[in-house]
Amino acid sequence: MTYVIEMRNIRKEFPGIVANDDITLQVQPGEIHALLGENGAGKSTLMNVLFGLYQPEQGEIYVKGQKVKITSPNIAGDLGIGMVHQHFMLIDTFTVTENIILGSEPTKAGKIDIKVAEEQVRKLSNQYGLNVDPHAKVRDISVGMQQRVEILKTLYRGAEILIFDEPTAVLTPHEIRELMKIMKLLVSEGKSIILITHKLKEIKEVADKCTVIRRGKGIGTVDVADAEPSQLASMMVGRDIKFQVNQEPYHPGANVLEIKDLTVLDSRKVAAVNSLSLTVKSGEILGVAGVDGNGQSELIEAITGLRKAASGQILLNGKEITQHRPRKITEAGIAHIPEDRHKHGLVLDFSIGHNMVLETYYQRPYSKAGILHFDKIRKQAEKLIKEFDVRTPSVDTPARALSGGNQQKAIIAREIDRDPDLLIAAQPTRGLDVGAIEFIHRRLLEQRKNGKAVLLISLELDEILNLSDRIAVIYEGKIIDIVEPSKVTEDELGLLMAGHHLKGAHENEH
Amino acid sequence: GSSNGDDGSKSSGGDKKKGFKVAMVTDTGGVNDKSFNQSAWEGLQKFGKDNGLKLNTDYKYLQSNQASDYEPNLNTLVHNNGGYNLIFGIGYLMEDAVKKVAAANPNTHFAIVDDVVNAKNVTSITFKEEQGSFLVGVVAGMMTKTNKIGFVGGEKSALIKKFENGFKAGVKSVNPKADVLVQYAGSFSAADKGQAIANSQYGQGADIIYHAAGATGNGVFNEAQNRKKKGDNVWVIGVDRDQYDAGMPEDVTLTSMVKRVDNAVEQLSKDAMNGNYHGGENLQYGLKDNGVGLSEHHDHIPDNVMKKVDDYKKKIINGDIKPPQTDAEYKDFLASLK
Amino acid sequence: MNTKRLSGAMVPVISVLLGLIAGAIIMLISGYNPLQAYGDIFQMVFLTPYYSGETVVTIIPLILSGLSVAFAFRAGLFNIGVEGQLLVGWLASVATALLLPAGLPKVIMIPACIIAAIIGGGIWGFIPGLLKARFKVHEVITTIMMNYIALHTTNAIIRKYFYAEGERTPNIPDSASLSSQFLYNLTAGSRMHWGIIVALIGAVVMWFILWRTSKGYELRAVGFNPDASLYAGMNVNRNMVLSFFISGAFAGVAGAMLGLGTYHYMTINQDFTGIGFDGIAVALLGLNSSFGVILGSILFAALETGEIGMQSLGIPNDLVQVIIALIIFFVASNYIIRWTRDRLKKKGGGAK
Amino acid sequence: MTIMEILEIVIPSAILSATPLILTALGGVFSERSGVVNIGLEGLMIIGAFIGAVFTILFEHIGLGAASPWLALLVAAIIGAAFSLLHAVASITFRADQVVSGVAINFLALGITVFLVKKLFAGSGQTPYIDHRINKIDVPLLHDIPIIGPLFFSNIAYTSYIAIILAFVVWYVLFKTSFGLRLRSVGEHPAAADTLGINVSRMRYLGVALSGALGGLGGAVYVVTIATNFGATTISGEGYLALAAMIFGKWNPLGAMGAALFFGFAQSLSIIGESIPFLKSIPDVYLLIAPYVLTILALAGFVGRADAPKASGVPYIKGQR
Ligand SMILES: Nc1ncnc2c1ncn2[C@@H]1O[C@H](COP(=O)(O)OP(=O)(O)OP(=O)(O)O)[C@@H](O)[C@H]1O
Ligand SMILES: Nc1ncnc2c1ncn2[C@@H]1O[C@H](COP(=O)(O)OP(=O)(O)OP(=O)(O)O)[C@@H](O)[C@H]1O
Ligand SMILES: [Mg+2]
Ligand SMILES: [Mg+2]
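Protein chains in written order, with this note's numbering: chain A, 13 to 522; chain B, 3 to 340; chain C, 438 to 789; chain D, 106 to 426.
For the record, the hints were derived by calculation from the structure and aren't laboratory data. As the structure is a prediction and not an experimental result, all values here were calculated from the model. Glycine included, every Cβ here is placed at the ideal spot set by N, Cα and C. Check before you lean on any hint, since a few could be wrong.
Stated by the list, open to error - DSS-like mimics (lysine-lysine), calculated; alpha carbons at most 25 Å apart, straight line:
id, chain 1, residue 1, chain 2, residue 2
1, B, Lys48, D, Lys224
2, C, Lys573, D, Lys415
3, A, Lys388, C, Lys652
4, B, Lys56, D, Lys385
5, D, Lys385, B, Lys158
6, B, Lys150, B, Lys310
7, D, Lys281, A, Lys149
8, B, Lys158, C, Lys597
As the list claims (entries may be wrong) - Which residues of chain C face chain D? A few of them, derived with a C-beta cut under 7 Å, are:
id, residue
9, Ile578
10, Ile586
11, Ser651
12, Asn674
13, Ile761
What the hints assert, rightly or not - What the simulated footprint calls covered on chain B by chain C, stretch by stretch (three residues with Cβ under 8 Å from a Cβ of chain C suffice, anywhere in the stretch; the number is not a length):
id, segment
14, 33-39
15, 237-244
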């Protein structure tokens, strides 16, 4: 039996860290092979080695039994290896077709033969049921579509072995299901897939084999059919994991946030939020479920003052905060864990300590008469770092140097410490490993327990179902239903999110 | 009061004062600006060679890279190589620096070109640009076929105004019907603007342009050459020095209004070496002293025009005609013509 | 942390050395003696009081111009408009000195003139800031355009309202002058003036605003990440405009130093002073820090004063410009230095 | 003057003075589209102007006659490209701050050229005048066409046509060829390009070298059509204007050309303005600053936000996140 891919005893070092330490990976033709590991375990590194982006210090790679040296993505491509990266490698301003053909364009007398190219893209897209518009600009299409463009890029290059690095982290449940179908279709056509994911459920669903990596070391490979999710989880983190669920009794209090007939325009002046109404009470977690791009981002931006509301009202504790500046809203008692931690959550070039007072630097005791008091800031930062277990070499380390999970913890520490009446948590666990997720969920539940209101926006249905007291489903800028988690199945929720009202609709609509 | 350097110039021969050293500070144009810095340096070099002085010790120049260099450069020459006896500051921009340094160093003699500094140890050298400009105005006024003539200035300064007003007066004296288009580029180094202005003036029918605009004038020449090549009969009158070469090979330089800074510098150096520094005097060089005038190259000017030029030259030297320097004087001059 | 900061500062130092070495090589090739040249510069600038004084005269506006660029950089903005802001500040200070009664005491006159320069330069910086904040117009274009507008406008104003013979304004009254007999005597007749105190105060002010005040924290945050700053409740647009105002104000004060110190008048300028462009280089050489800007200015000014000495050796003064360019170039390419250093360290670490 | 007469003066003159800016701005487009900010355009123009003057003189000297300026343009483009490699090495290979490196290029170009002029021409601060310029001509036949003939085919230099055609060529290359697609991809998202096997450094080197060639050409064209010799002040600010034109034109070759023509037009208009009776009473400072004010107004008024290529100014480090 020859493996289509065999990586033997791979070692890859970065300054100060061994990212891959003697890892072996064997993939059989026509299988979906999962690669599982915590954040920073070394999965992406291993795949980047396979794809020729990194050169390993040690180890050998065999493709279809042949020993190879993959020194560049070109060579990987020639060997039939394609990669869908964790962070998409797409050019926003280019069209789908341009992104796909880039680097191997069909030309006629020097000119790109765009007709031919589009035809090829269309054909491939139809063949695998991907359904992308070759003309569309990448920045105008959804994340799910963008991922399909990434897949097409590899198929266009004739890839036989596809690497998917955390493909589902950014997808909606619907999109995830579509992706699973596509993957199955791909393997049925004889391709092999390496799938990196943190989500055990997905592994269970599609993967044939699973290799687990912990702190750069290979822990082992198991047949997925024989393995329980909990077993995989403990293999991954080296201890038992307890999944947090919202089990405390539900005693909602007064309305903390009231939204009435809110309309918000997006950057293209289209109503992304369309006369939406919603309330969040103290002592509850209200989950907002919905397919990405249905107005969630605009809704949050309007509440937090980052975007102007076109019409409608937003009340916090009964007081109007519509059109207020972000600072007034923050001071009024809203905290916000932003969905993009790099863009909004942190000033990456500031130290982690200074990031801890990003919203409060001008207040006492951090600042008196316009002068900063560094000792106070440091003390606060040290306190939060300790309390929220943010792993950083020091308070002075630039935020940029922290891992994603620790950056997220820092943000959450900062936001929760302000003791807000309303905590808005947008995609709070995106891309994090189960350990970090567990921690964050516990904190959100604590807020609830302390009688605060939490507005949770997430594309992870599990997260919504496990934590929420009520689930508001958002579709095309409107809340089309509010359901209780215990009374709805994941499938029903999926239907709602796709805009189908449930038969025998619930009473507590709005 | 004006007095000319006549006395000194006569006693040029004879006893060379031992150890006489002379130097100059250029403005930012440097000694090869094809203008007054270069002319001054040529004068100084001639003086140095003729009198067997040693370059860089007995006679030298310092170039200024920015305006703030004037003062230190002058001061450097006060002390450098044991100190220079006579130090020229070239250009009106150096007026203040010369004044200050002269005040601080009463035992060194200074000279300033193109401006006046009233101090016992400073000799001021100025030129009557309006006189020379008047003559080339006469040439232009008589030779224009279109009765349109252009004047292109660099910066609108009092100095350049002398060129403009003298020129216009010359034109109007011989050809009251002629119209002078005047435009300033706002810069001495914008060849593109010079060309655009020339294009506009020629385009409006001018056939002769007089420029007093430094390197901006390059554009004027270029435009004229272009037009000449296409068969238009257009001319440029150069400035400061003989700009015959700037008009070649199309030969568009009608003549140039030369300013003999070289002569003035050489003359004063000689006098100073002989002990006459003309301290506190303002040496004004005009037509009378051949300080200004038409260049050697004026082949394209017909004899009758040259005759007229000579007539006017005499009248100016006599004092029968006083070419205007300022706008106000020009207005009076025009009125007097009627 | 400390060693890291130290080695960060090593980069400009090494760049300067490399620049000087490259300059020396050019001199050798062209047949001049570099040791003598550098020796003369050193001798002149540091050991001859007159030239030391003149070097300080050059340093003063350069520090302020460098601070202007560095401040904007810290706030994420690229201010190529220092030239224009400097001209406006220069005119504002001189005009104020000429318009106020000459008999006013220095303690009123000088601050008034400097404040006028701050306002003048500040407004000239404010405009591109506002255009960027309000209309998202790229500051590089607007500051370039504002430079030309300042050049022509200040000239026109001088011609119309403040004209004196010699294509300049009249001299400012003594009460507005930063010069002093003491400094004059101390430096054997140089133009050195008390503006050096102003420049050093400027450096402290920049450091203090940026690193000690909450406003500075805000300005830097906006510079690094406007999105996060907005999220954190800062008014990004207002901060952008404010940064540009402050940056322009520094440039304006640089202009005031020319008016109140170096010249005591303002000339009708045919071209830019060059101080603004040098300021970009000084800021970058100084790693956009106050202290670095001071050091960078000293180096630049020393080289520029040294030109006079080099001319006396017959070395074309343009060579100094080449050396300055090379130094900037090596600063820019500091990666080459870091890379070499890391290489050496690895080797030093021994075989693993 | 009638409107037509005014336009007949203004338009050819606008085109002439815009030509060097168009070429240089096109160079800027190449460089920045590949992800390398190029503040050094001024320096590249200085080099080009220097080479343009020196080599025209040299070629005239060896008897090449009217071909001299044309050959000099070629040399200027080549040397411009070579000189720009300094910027490329610094900013691509050595990951320099691109703004700093560009500023260094400007200083270096001025220092070196003035130094060399002195060495070459016996201490002179500027070169002699060239004898053979590239002249403005009336295009045979076409200049007789009513209205557009006098506006666009009279009194114009072939270099202007070359610049305008080049703008279209550059547009075609950038947006229609695989080279252009790759160049732009490197400026937008180098990591993406890298994973597709595109050599990021090589594309960026090419982008910078092209900017050097075009900037050099722009400077040389300035000399052989306008200035006719080279000195320290020959190029003073044109490179910055070209940079502004590139941004004004939103990093699009045709836009850059339009912006450069706009600058030229604004300047010509301000010059002719002094001869138009109704504008004559306006103090000339208003006309002097008009081109710059107009540009700002245009940007604020209707052009608005322009987005630079995303990766422009960011050194690409393989494997960095
Ligand atoms: N370019 C790099 N330079 C230095 N260190 C790196 C680099 N890339 C990764 N590392 C290190 O290698 C380790 C493994 O990183 P890698 O990205 O492979 O983890 P991962 O398993 O993909 O994590 P995640 O699930 O968060 O994507 C990280 O902890 C990090 O410290
Ligand atoms: N370019 C780099 N140079 C040095 N260290 C790096 C680099 N990139 C990442 N790291 C290190 O990698 C670790 C983070 O890696 P990790 O893969 O866990 O992050 P992540 O969770 O994938 O982040 P994200 O969620 O943003 O993708 C940190 O310890 C950080 O110091
Ligand atoms: Mg990863
Ligand atoms: Mg990750």
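These are the hints, each one checked on the structure:
Restraint check: the Cα-Cα separation between Lys48 (chain B) and Lys224 (chain D) comes to about 22 Å, which is no more than 25 Å; the hinted pair holds. Between Lys573 (chain C) and Lys415 (chain D), the direct Cα distance comes to roughly 16 Å. Compliance with the 25 Å bound is thereby established for this hinted pair. Between Lys388 (chain A) and Lys652 (chain C), the direct Cα distance comes to roughly 17 Å. Compliance with the 25 Å bound is thereby established for this hinted pair. Simply put, Lys56 (chain B) and Lys385 (chain D) have alpha-carbon atoms about 55 Å apart, too far for the 25 Å limit, and the pair is violated.
The straight-line distance between the Cα atoms of Lys385 (chain D) and Lys158 (chain B) is roughly 16 Å, inside the 25 Å bound, and the hint therefore holds. At roughly 20 Å between alpha-carbon atoms, Lys150 (chain B) and Lys310 (chain B) fall within 25 Å of each other, so this suggested pair holds. Straight-line distance between C-alpha atoms of Lys281 (chain D) and Lys149 (chain A) comes to about 16 Å, which keeps the hinted pair within the 25 Å bound. Between Lys158 (chain B) and Lys597 (chain C), the direct Cα distance comes to roughly 12 Å. Compliance with the 25 Å bound is thereby established for this hinted pair.
Interface hint at Ile578 (chain C): satisfied, since its Cβ lies 4 Å from the closest Cβ of chain D, which is below the 7 Å cut-off. Among the interface hints, the one on Ile586 (chain C) holds; its C-beta lies about 5 Å from the nearest C-beta in chain D, closer than the 7 Å criterion. Annotation: interface hint on Ser651 (chain C) violated; nearest CB of chain D at approximately 28 Å, more than 7 Å. Checking Asn674 (chain C) against chain D: minimum C-beta separation of about 13 Å lies over 7 Å; hint violated.
Checking Ile761 (chain C) against chain D: minimum C-beta separation of about 6 Å stays under 7 Å; hint holds. With 0 residues carrying a beta carbon less than 8 Å from a beta carbon of chain C, the segment 33-39 of chain B misses the three-residue requirement, and the given coverage is violated. Counting residues of the segment 237-244 of chain B whose CB lies closer than 8 Å to any CB of chain C gives 0, which falls below the minimum of 3, so the coverage claim is violated.
Hint check: violations occur at hints 4, 11, 12, 14 and 15; the rest are consistent with the structure.
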